[in-house]
Every structure is written in structure tokens, then in C-alpha cells.
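Enquirer: Given chain B, work out where chain H should sit, using these hints.
So the chains spell out like this:
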Amino acid sequence: MIQVKDIDVFYADLQVIWDVSFTVSPGEIVALIGANGAGKSTILRTISGLVPLTKGGIIFDGKPIHTMNGYDLIELGLVHVPEARRLFPEMTVEENLDIGALKGVAKKNRKANKEKIFELFPRLSERRRQLSGTLSGGEQQMLAIGRGLMSMPKMMMLDEPSLGLAPILVKEVFRVIKQVRSEGMTVLIVEQNVKQTLSIADRAYVLENGKLIMEGKAAELADNEHVKAAYLGV
Amino acid sequence: MVQLEVFLQTLVSGLLLGGLYALIGLGMTLIMGVMKIINLAHGELMMVAMYIAYWLFTLLGIDPYLAVFIASPALFILGVLIQKYLITPVIKVESILPENQVILTVGIGMVLASLATVFFKSDYRSTPVDYASVTWYLTDYWANSPIELSISLLWAVSFFFSIMITIAMWFFLSRTDIGKSIRATSQDSDAAILMGINVNRMRSLSFGLGAAIVAAAGCLFIPLYYLYPALGGQFTLIAFVITILGGLGSNVGAIIGGLVLGVFESMTSTYIGMGWAPVGRFSIFIAALIFLPGGIASLLHRRRFGK
Chain B
1 MIQVKDIDVF YADLQVIWDV SFTVSPGEIV ALIGANGAGK STILRTISGL
51 VPLTKGGIIF DGKPIHTMNG YDLIELGLVH VPEARRLFPE MTVEENLDIG
101 ALKGVAKKNR KANKEKIFEL FPRLSERRRQ LSGTLSGGEQ QMLAIGRGLM
151 SMPKMMMLDE PSLGLAPILV KEVFRVIKQV RSEGMTVLIV EQNVKQTLSI
201 ADRAYVLENG KLIMEGKAAE LADNEHVKAA YLGV
Chain H
1 MVQLEVFLQT LVSGLLLGGL YALIGLGMTL IMGVMKIINL AHGELMMVAM
51 YIAYWLFTLL GIDPYLAVFI ASPALFILGV LIQKYLITPV IKVESILPEN
101 QVILTVGIGM VLASLATVFF KSDYRSTPVD YASVTWYLTD YWANSPIELS
151 ISLLWAVSFF FSIMITIAMW FFLSRTDIGK SIRATSQDSD AAILMGINVN
201 RMRSLSFGLG AAIVAAAGCL FIPLYYLYPA LGGQFTLIAF VITILGGLGS
251 NVGAIIGGLV LGVFESMTST YIGMGWAPVG RFSIFIAALI FLPGGIASLL
301 HRRRFGK
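Quick note, the sequences are listed as chains B and H, same order. Residue numbers for the first sequence, in this note's numbering: 1 to 234. Residue numbers for the second sequence, in this note's numbering: 1 to 307.
So here's chain B without its partners, still in its complex pose (with noise of 0.2 Å):
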């Protein structure tokens, strides 16, 4: 489904990012793991065209995604839910579920894909009229989610979903993202709760200082002693 072959990217003269190549097939769950400052989050900024990359590129479905405007590639197929939700705060929820949904056949089923979300999220449902700026953390991831559902994505990319959510909330947005994993979405998470990611990815990469340093199946990364060590505090 995406392919991204030995990409470098500085942040001005600073290289952050240092020759990463992986791939996601279509109907994964790929894990991006690694501690903070690592990179991760670069890497899907990288994809999604807001960070230039400065050499190698990206496929998406067979077609180089790194020449293409950023704002284009939702349109592709692919739908990157940023770190810290990222909502339109000033926006209502339904509001924000809609610009989810401006292009193509997104926008013709807007109506009916709005229900399914509130289906999926019935607490969102009860606050569709309410500005997402006043939305409790929980709510507002799923709202994140939602927003990317709506544009009917072939592969969502998330970035760090947990992120300070109470243990039950993380147990939620983990459950959505199985439910919507087991409807044929390829998924491409970053995370640093690393055991529950590893608990339902199929495969992960473990990224160290802007470098892939790992990578395997997600169970047997869990069983690395390094992994072990530097992640999951045993």
C-alpha cells in the first residue's frame, strides 16, 4: 500500500531523519515505535507533504506521493490524524466531521458517513451541535478519528492516539482502531504506549535517533530484550 524508500529530511540544517525505507501492505497494522524526538511523527509529516524531504520518496498505491501537494493526497486515499488531534477548536463537532469530507465521493456520502461515525462514537452524537474546543481530551481523539473516517480512507495514518488519554479512553481508541482495522483499513500508527501497540499491530519498526534500528513481527519485537529494555520498562 505505501512504500517509503530511503528518505532523509532536515528541519532546516539539522537532518532528523536518516535514509528510513519501510513498507505497509494493504490491510496492515504497521507500528512505528521509538522514543520522543525520535522521529516518528517527522516521518508521517514527511508523508503527508508538510515536511519536504530532501532525497528518496514515497509510493502510495503505486503512485510517487512526495512530488504531490499535501492537500491533495486525502483525496488518494490517505489520511494522516495528526498528533494532538489537531481539531478546528472554533468548529462544531459535525462541522469538523464535514471538512473531513470536501472531495469526491467523501462529500456524496457526507450524510450517511456522519451517522456511521456517531454510530461508531455515540458520545459525539450527543455533542454534534458542540465546539470541539470544548471537548474533554477523549472525545476529541475520537472526534480526530472520526474526521478521518470521513474522507473514506483506503489507509489512516495516527499519530500517537493514546496521547494523554486516561487507561480506559487508550483501551477505547484501541478498540476503534481494530474495529476499523477488521473493516479493511490499512493502518499505520505511531506510538509511544508501546505495549498496547505492539498488542494489535501485525508488524513493527523501531525507530532510534532518526534511524530504523528494528524491525519484525510485533510479537516477536516484544519479546527483543532491547525493545524490552528501552520500551516496555522489563
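Since the hints were derived computationally from the structure, they do not count as laboratory data. A hint or two may mislead.
Stated by the list, open to error - Now the stretches of chain H that chain B is said to cover, found in silico as 3 or more residues with beta-carbon under 8 Å: (1) 182-192; (2) 195-207.
Unchecked claim - Ranges between beta-carbon positions, derived for each pair: (3) H:F119 / B:S125: 55 to 61 Å; (4) H:A168 / B:R175: 41 to 47 Å; (5) H:W142 / B:E119: 56 to 62 Å.
Here a beta-carbon is modelled for each residue, glycine too, at the ideal position from N, C-alpha and C.
Expert: Relative to the frame of chain B, chain H by itself:
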């Protein structure tokens, strides 16, 4: 009774003036919200629109109120061009001064004012429409009214148009996909890109719309006012005061701010003296900065978000 009459008359005139101010402020706020810059050429754009209305009236006899439909699209195009070819290239340049674009808008304003002086001389001009002297008196409609109030037809029409334009803008911003995209861009431009919004196009569109709105305000003002090339600066300042008073980037704030400023100026000229209106304007500006730095928007925000 006379006192009350004067007060009410002042209030009415203030609201009528405020309606026009609201429109000027709304245009600047739209640009401010999306671009994150204060457009200090705002009054000069209005001046350009007023010259368009003036020449349409003088040469072709077109009513200034109808000129809205010509001047606004023209200024929309001018705004888009300014944004695309002047402001965007400056935004891309990393510089010591983060507000380079704002300084650029000052320059654009100066160029527009100077060009107007070169081409049209600094003569005062006006559009003497033949219904200019029509005035409605309250006693004409209610013979036994204890007080007398009057509204001039021109002011009433200008006010009416500015309210209609404000409502149309509200509808556009809150109900249409493009309007929502503009708001999304002003609230979080990165997230807007992720949702498939062409943020640069929204910026051009907002600058164009902001210019078109102030153009409309210019056409509504010209029957009531004189026109001369340096008039822009004064209205840029007014727009700036309204934007600060309203809270940067808030549309509702700008509308309320415009009305408040109109009433305040009108009160100052009645009770202190005609020449003191600008003093009133700037004392409310300073008061807002000291006592309500977030503007009227911060009050609204506190109510809606409970913090």
C-alpha cells in the same frame, strides 16, 4: 426631554455609522484570521473602490450603491493579485523581521494613495445623488411622538446594505464548504492541509474577499462622505482599532467592535465636540488594550468555552 432626544439621536447615528465600521472591520478581520497579518493597506483598498464608484457615477451616472457590484469584484481581483504576487513571496523569505508582510502592506497602501494622487489630484470629490437630502422624521409617522428623531435615507440605505452583506458573509462562512475551509485554515492551517484544503488558495480567496468587503463599505460610504487620495490612512486606522477592539481574527467581535466604535465616536462628537471624535476613537483603543487585551472576542470565548 431634549436631553433624551439628543441622546437617542446620537445613539441612532452612532449605530448607523457603526454598521459601516463593522463592515470595514469584518474585511480586515477575515484577512487577519486566515493570513495572520494585519492588512495596513485596508483603507487604501477602500479608497480605490471609492474612486471606482466615483468615476462610475461621474462618467456613467451609475448610482454608488449599484457600484458595489462592480467595485467589489474588481477589488476582489486586486486583493487576490496582491496576495499571490506580493505577499506570498514575502512570507516565504526567512527574515529578521517576522512581520515583513505587514510592512509590505504599509508600502502597498502608500503606493495606492500616491497613485491616486498622481492620477486624480488631491481634490475632494463626492457623488451628489439626487436623493441625498431625503430624511425621515419620526413625527411624520407618529404625530404625537414625545420626541423627535430623524434618519437620513442615505445613512439608512448604507446601513441596510452593510447588514445584508454581513449576513451574507456569515452565511457563506458558516454554511458553505468553502466558507468552512476558510475558517478551518484560520484555525489550524496544517490540519487544513491534511483534510485536503488548498491552504494557499484559501489565503488568496480570503484576501480577495476582505478587499471585496471593504470595497463594498467604500461604495456605501461615498454618498455620505468626501473622497480624496489620503482618505485611506484614516480608515486603515479605524479598521485597525475595530480589529483590536473586536479581538484579532474574530468576526463577531469585529461586528460588535464596529458598532461600539461607531456609537462611541458619535457620543464623543455630540457631548464633547465634533473635532474630538478621533480622540474618542483612540481613547477606546487604548482602553481596550489595557483593560481588555483579548478584545470582545475574549469575552465571547470565555462564555463559549467556560475558561
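Enquirer: The structure should be examined with respect to each hint, and the outcome stated for every one.
Expert: Now for the hints, and whether the structure bears them out:
| no. | hint | in the structure |
| --- | --- | --- |
| 1 | 182-192 | holds (count 7) |
| 2 | 195-207 | holds (count 5) |
| 3 | H:F119 / B:S125: 55 to 61 Å | holds (60 Å) |
| 4 | H:A168 / B:R175: 41 to 47 Å | holds (45 Å) |
| 5 | H:W142 / B:E119: 56 to 62 Å | holds (58 Å) |
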